[in-house]
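Asker: Chains A and B, in that order, are what the protein sequence lines are.
Going by full-length UniProt numbering, the residue at position 91 of the first sequence is 91; the numbering climbs one at a time, nothing skipped.
Going by full-length UniProt numbering, the residue at position 231 of the second sequence is 231; the numbering climbs one at a time, nothing skipped.
Hints listed in this document are in silico derivations from the structure and should not be mistaken for laboratory results.
Hints should not be assumed to be uniformly reliable.
Stated by the list, open to error - Heads up, simulated EDC-like pairs for lysine to aspartate or glutamate below, C-alpha to C-alpha not over 16 Å straight-line:
id : chain 1 : residue 1 : chain 2 : residue 2
1  : A       : Lys191    : A       : Asp244
2  : A       : Lys277    : A       : Glu78
3  : A       : Lys95     : A       : Glu82
4  : A       : Lys178    : B       : Asp125
5  : A       : Lys145    : A       : Asp249
6  : A       : Lys172    : B       : Asp125
7  : A       : Lys277    : A       : Asp132
8  : A       : Lys158    : A       : Glu214
9  : A       : Lys128    : B       : Asp236
Given the structure is predicted, the values throughout are model-derived calculations rather than measurements.
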Amino acid sequence: MSHRTTTTRRLAVAAAAALALSLGVTACGSDGGSTASGSTSSAPSGSAASPSAGGSAGGSVPKASGDITVFAAASLKETFTELGKRFEAANPGAKVTFNFGGSSSLATSINSGAPADVFAAASPATMKTVTDAGGASGQPATFVKNTLTIAVPKGNPKHITGLNGLTASGVKVALCAKEVPCGAAALTALKAAGVNLTPVTLEQDVKGALTKVELGEVDASLVYRTDVKADAGKIDGVDFPEADKAVNDYPIAALAKAPNKDGATAFVAYVQSPEAKQVLGAAGFQAP
Amino acid sequence: MPRRRRHPQRVPVTLLLPALLGLAFLTLPLVGLLVRAPWSTLSDQLTSTAVWEALRLSLVCATAATAVSLVLGVPLAWLLARTELPGRRVIRALVTLPLVLPPVVGGVALLLVLGRRGIVGSWLDSTFGVTLPFTTTGVVIAEAFVAMPFLVISVEGSLRAADPRYEEAAATLGASRLTAFGRVTLPLIAPGIAAGAVLAWARALGEFGATITFAGNFPGRTQTMPLAVYLAMESDPEAAIALSLVLLVVSVAVLAGLRDRWMSTP
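Using the sequences and the accompanying hints, generate a full structural model.
Answerer: Below, the structure is given as structure tokens:
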């Protein structure tokens, strides 16, 4: 009898230990996500939150419902947030959740099994890493183009007028890392201009490069024209002619392993609709 | 209570099972790293100068951060353990805050204080023309910020365990407080200092969040191994695995080599 109670107590202790362990795991997961600029944070929570509940329900009506998880390039943050709201309004029952980040890290997450429905990348090269791995459902569609501009603090205190101005002594420049699309485009533009530039930091995504200008920690950064437009209250943009040599096409695709296939298809179609084109155009994106 | 006393103590299965699960949970990811390592191309991956630059920078910065932690942290620990400061509990909580604070928050805070437009940073910039973000010094500062609490805690614990009567005896023999600290206290708590230094060094070596936020990312200047791993993961997972292996080997070597010598004090 007493042996039995001991066993029960032991089991209780073990259960408590297991619970503590699982809590610890959850805590670690969310911490790791926040450290890695949010690129992985929604992956585990998404898997729990997005069973394809609405996928089959939408069969009779050509409208989307259920959770739709969209992984999108950081430069699409403002426009896609707006498009998500409009999409939800047009499709009652649909809930669009975004994971914005550097296209490359998003592609890595998708290739490692993140439960995403849609991927919108800032360059065909990053989309290719997903399509090559068999991750896309059908051909990706190019929905917008974007070009670079020089972001400078309000009033342009260093009087930068073009790419050449970035190499002046005392001018600190942040670029995107060459691994992410804005960095690849920046390299192309600098090469086209014949400018040999040493930045002070290589950021993981375009918003990181922009923030460093906003904080005043750097004097200039090469970002997308749309980013400057979205942040016009805090920074100015300086256009340069070589930007035409580094135009980024933005492809979007529904994903092969999408938990909500109907929702994915509907959202991809919506992003290419005239209404969405208007929102994207107003933000400074160009038609493909 | 135990019916039979066996030499190797019988482990109850309700303890053994979670224990083994815990062991597997902690070690399997590392095994996975070894299994997935691109052994055939590993030598090519590791002979690139970028890897050595990142590793060298990591080792140099972690060591410098540990030195900073020693110089500032040991006196701080002494202050917490041996004096009756008003509000000492609050001070201790503040000192250990970086232990639980997400490192990236520390990086943001550092940027806002020591950045070019920060409270201290703008003064440094205008007076001395010194800017700390995006410099190797910035990496050391970020690493010291997250690593020093480990040292302070370890040293404070040793100081509390060490008998203050030795210091009092030294004082009665005419030693000044500083002499007593240097000649009596320091040798007494040397193992604790060493343990704290190793912990701080290991923490600094793995620092990511504060570094990338405050010091940015540039090869050869601020790109330490964890940053290199993160960036490589975006485009070249094999390279990321190779880099991770290097960091793993360095960490294991240091912990295994020093643990028995310095950290076995109960």
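Asker: With reference to the structure, classify each hint as holding or not holding.
Answerer: Checked hints:
Note on Lys191 (chain A) and Asp244 (chain A): the hinted pairing holds, with a Cα-Cα distance of about 12 Å set against a maximum of 16 Å. For the suggested pair Lys277 (chain A) and Glu78 (chain A), the alpha carbons sit about 14 Å apart, so the restraint of at most 16 Å is met. Proposed proximity of Lys95 (chain A) and Glu82 (chain A) is supported: the alpha carbons are some 13 Å apart, at most 16 Å. For the hint pairing Lys178 (chain A) with Asp125 (chain B), the CA-to-CA distance comes to about 30 Å; that exceeds 16 Å, so the pair is violated.
Annotation: proposed proximity of Lys145 (chain A) to Asp249 (chain A) holds, straight-line Cα distance about 5 Å (limit 16 Å). About 13 Å separates the Cα atoms of Lys172 (chain A) and Asp125 (chain B), which keeps this hinted pair within 16 Å; it holds. Note on Lys277 (chain A) and Asp132 (chain A): the hinted pairing is violated, with a Cα-Cα distance of about 28 Å set against a maximum of 16 Å. Restraint check for Lys158 (chain A) and Glu214 (chain A): satisfied, since their Cα atoms lie roughly 14 Å apart, inside the 16 Å limit.
Taking the CA atoms of Lys128 (chain A) and Asp236 (chain B), the gap is near 14 Å; set against the 16 Å cutoff, the hint holds.
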